[in-house]
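These protein sequences, in sequence, are chains A and B.
Residue numbers are given in the working numbering: position 231 of the first sequence equals residue 231, and the series is strictly consecutive.
Residue numbers are given in the working numbering: position 98 of the second sequence equals residue 98, and the series is strictly consecutive.
Everything labelled a hint here was simulated from the structure, so no lab data went into it.
One thing to keep in mind: the hints can contain errors.
[Said to hold, decoys possible] Only part of the chain A face toward chain B is listed, based on derived beta-carbon distances under 8 Å:
id : residue
1  : LEU50
2  : ILE65
3  : HIS66
4  : ALA70
5  : LEU80
6  : HIS86
7  : PHE88
8  : PRO89
9  : ARG90
10 : ARG95
11 : LEU99
12 : PHE102
13 : THR103
14 : SER151
[Unchecked claim] DEER-style ranges, computed between Cβ atoms:
id : chain 1 : residue 1 : chain 2 : residue 2 : range
15 : A       : ALA35     : B       : PHE169    : 28 to 38 Å
16 : B       : ARG181    : A       : LEU226    : 47 to 57 Å
17 : B       : MET1      : A       : LYS172    : 38 to 48 Å
18 : A       : VAL14     : B       : LEU172    : 42 to 52 Å
19 : A       : THR129    : B       : LYS6      : 16 to 26 Å
[Said to hold, decoys possible] Short, incomplete list of chain B residues facing chain A, as computed with Cβ under 7 Å:
id : residue
20 : TYR184
21 : ALA188
22 : GLU192
23 : ASP194
24 : ARG197
25 : LEU230
We put the CB at the ideal spot given by N, CA and C, even for glycine.
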Amino acid sequence: MLRVREIAVSYGRVPAVHDVGLTLESGAIHAVVGANGAGKSTLLRAVAGLNRIARGAIELDGRPIHGLPAHARVPLGLSLVPEGRHLFPRLTVERNLQLGAFTRRDAAEVAETMAQVVEIFPILEQRRTQLAGTLSGGEQQMVAIARGLMSRPRLLLLDEPSWGIAPMLVAKIFETIQQINARGVSILLVEQNVKRALSIAHRATVIQTGRVVAEGTAAELLQSDLVRQAYLGM
Amino acid sequence: MSRRAKLVWLAAALVALLFPLVAARPTWQNTAILMLMTAQMGVAWNILGGYAGQVSLGHAAFFGAGAYVSTLLSIKLGLSPWLGMVAGAGVSAGLSLLVGWPCFRLKGHYFAMATIAVGEIVQAVVNGWEFLGGAVGFYLPLQEKGFWGFVFNRSKLPYYYIALGLLAFSLLVNWAVARSRTGYYLRAIKDEPDAARSLGVSLTRYKQTAMVISSALAAMGGTLYAQKELFIDPGSTLSTSLSIKMALAAIMGGVGTLAGPVVGAVVLTAIEEASRVAFGGTGRGTDLVVYGGLIVVIAVFQPAGILGLFASRRGPARAAPAEAPAKEAA
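With the hints as constraints, model all of the structure from the sequences given.
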C-alpha cells in the first residue's frame, strides 16, 4: 500500500534521512524503530508531507504522492498523529475531533465515525466539551489518535505514541493500536520503545543515523543480535 | 459570549452612542472619531493578525486602496463614496489575493517582513504615479452633499456616527468569523499549523480567506478616512507607520480577541493626542517614538495586551473544565 523509495530529507543543509526505503503491505503494522534523532520522525513527516524530500519517491497504492502538499494527501487515505500530540489546545475535544474530519463532507457518517472513536476511547465521551489543552498526557494522546482516525484513514501514521505518557497507559495505547489495526487500518508506527513496537508490529525497519540498518519481520528482529544488543540491552 | 461580556458591550455601545451629545466640544468629538477609526482598523487587522496569527505590517496598502479607489471614483466619475467604499473593499480584497499568493509561502517573521515590503512598494508606486495623484495626493471637493455624498462640513457629528457604524459592522463581521467554522480553522492554524495541515486543512486557503476579509474591512476604513479628511496622499494613507498603528491597536488591547483592538485604540489614541498637545507641531514623528516605546513595553511586560490584565483567568492552560463549553461558544 505504501512504498517509500530511497528518500533523502534534509533540514537546511543538515541531512536527516539518507536513502531510506520501506514497503508497507495493506493491513499491516509496520514499525520504524531506532534511537532518538535517528530520523524516524523525519521519515514519517515526509510521508505525511510535512517535510519535503530531496530525492526518491513516496507511493501510495502505486501512485506517487511526494509532490502533493500535506493537506492534499489526507483525502487519499493518509492520516498523521504527530509526535507530542499537537492538539488544538484552545478548542474542545469535540472540535479537535471534528477538525480530524475536515476533509469529509458526509456529516451523517462523520457522526458515525465519532461514535466509533468514542467506542475505542470511552473516556472521550466525558471529555467531549473540555478544552484539549487541559487534558492529561495520556488523554491527549487518545484524542490525538482519535482525531487521526476521524478522516477514516486507510493508513495511520503514528509518531511516538508512547511519548510523555504514564507507563501504565503505554500498554493500553499499544493495545488500542492493535484494535485499530484489526478494524482494517494499516499502520506505520514510529517508536523509540523498540520492544513494545516490535511486539505489536508485523514488520519493522531499524534506522540508525538516517539509514536503514535492518529490515524484516518483527519476530526476526526481536531475535536479531543487532536489536537485542543495541535496543533491548541484552 | 458570557453574560458579563454582553453587558460590557451593551454599556460600551450606549456610551459610544451618547458620547457626542454629552461631549459637544469639536476637539473631543474629533478625538473620539479618531478612536473609532483606529479601533475599526485594529479590528480589521486583527482578523488576519490576531485570529489567523499572520502578522501583517503592510496593511496600510489595503487602507490606502480603499481611500484611493473611492476618491478616484468620486473625483473622476462623480460616483458616491458609499459605492466607492464597496468598490474599494473589492479592489483591496483583490489586491490581498495578489499579495497573499507569494507572501503566504513565508512563515512567521518572514511573512511580516514581506508585508512591510508590500506596503513600501505600494507607497512607492503611488508616489510616482501621476494618475494616482503622485506624492501630492488629492483634495476632495469640499461641499455639503448630504449623506449620499458623504461630505459633512457643518458638523463632525455625522462622521462620528458613520465611524461608529463602521466599527460596529467590523465587529459584527469579526464576531461572525470567530464563531464560524473558518474561525476555528484559523485558531487551529495559528496554534498548530503542522497538525492542521496533516488533517487536510489547506493553510494558504484559510489564511487567504482571513486576509480577504481583513483587507476589505481595512479598505472601508480608508474610504471613511478620505471622506472625513477630504485630503489623501501616500504619507497619510499608505505609510508603514499607519500599518504599525493598525497592528499596535490590536496588539496593545489583546491580539485575537474581539474587544482587544477597541480597547487598544482608545488607549493608543489618547496617548497620541496627549503627545500631540504636549509637543505641538514640532513633534511630527513623536507618534513613532510612542509606537516604538509601546511595542517594547507590551513585548516585555504584557504580551496578552490590556485585556490580558483582566482576563488572566481565561488563559487556555488554566481554564477550568466546567467553564469550557461557555468559552467555546464565545
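**Item:** LEU50 (chain A) as an interface hint toward chain B, with CB separation required under 8 Å
**Value:** At 5 Å from the nearest chain B Cβ, LEU50 (chain A) passes the 8 Å test, so the hint holds.
**Request:** Would you check whether LEU80 (chain A) satisfies its interface hint, that is, whether its CB is within less than 8 Å of any CB in chain B?
**Result:** Holds - the Cβ of LEU80 (chain A) comes within 8 Å of chain B, reaching about 4 Å at its closest.
**Request:** Let me know if the C-beta of GLU192 (chain B) comes in closer than 7 Å to any C-beta of chain A, holds or violated.
**Result:** holds, 5 Å
**Prompt:** Are ARG181 (chain B) and LEU226 (chain A) spaced within 47 to 57 Å by their CB atoms?
**Reply:** holds, 50 Å
**Request:** Classify the hint on TYR184 (chain B) as holds or violated, based on whether any CB of chain A lies nearer than 7 Å to its CB.
**Result:** Holds. Min distance 6 Å.
**Prompt:** At a threshold of 7 Å, is the proposed contact between ALA188 (chain B) and chain A supported by beta-carbon distances?
**Reply:** With a minimum Cβ separation of about 5 Å from chain A (threshold 7 Å), the hint on ALA188 (chain B) holds.
**Message:** Next item in the hint list is SER151 (chain A). Is there a CB on chain B closer than 8 Å to its CB?
**Reply:** It holds, given that the least Cβ distance between SER151 (chain A) and chain B is near 6 Å, below 8 Å.
**Request:** Using Cβ atoms only, decide whether LEU99 (chain A) comes closer than 8 Å to chain B, and label the hint accordingly.
**Result:** holds, 6 Å
**Prompt:** Does HIS86 (chain A) meet its interface restraint, that is, does its C-beta lie within less than 8 Å of any C-beta in chain B?
**Reply:** holds, 4 Å
**Request:** Tell me if PHE102 (chain A) is really an interface residue toward chain B, meaning its C-beta lies closer than 8 Å to one of theirs.
**Result:** holds, 5 Å
**Message:** For the restraint on THR103 (chain A), tell me whether the closest CB of chain B is nearer than 8 Å.
**Reply:** Hint holds; THR103 (chain A) Cβ to chain B Cβ min 4 Å, cut 8 Å.
**Message:** Restraint: HIS66 (chain A) near chain B, CB-CB cut 8 Å. Satisfied or not?
**Reply:** Hint on HIS66 (chain A): violated, closest Cβ of chain B at ~15 Å, above 8 Å.
Going down the numbered hints, you'll see the structure goes against 2, 3, 15 and 25, while the others check out.
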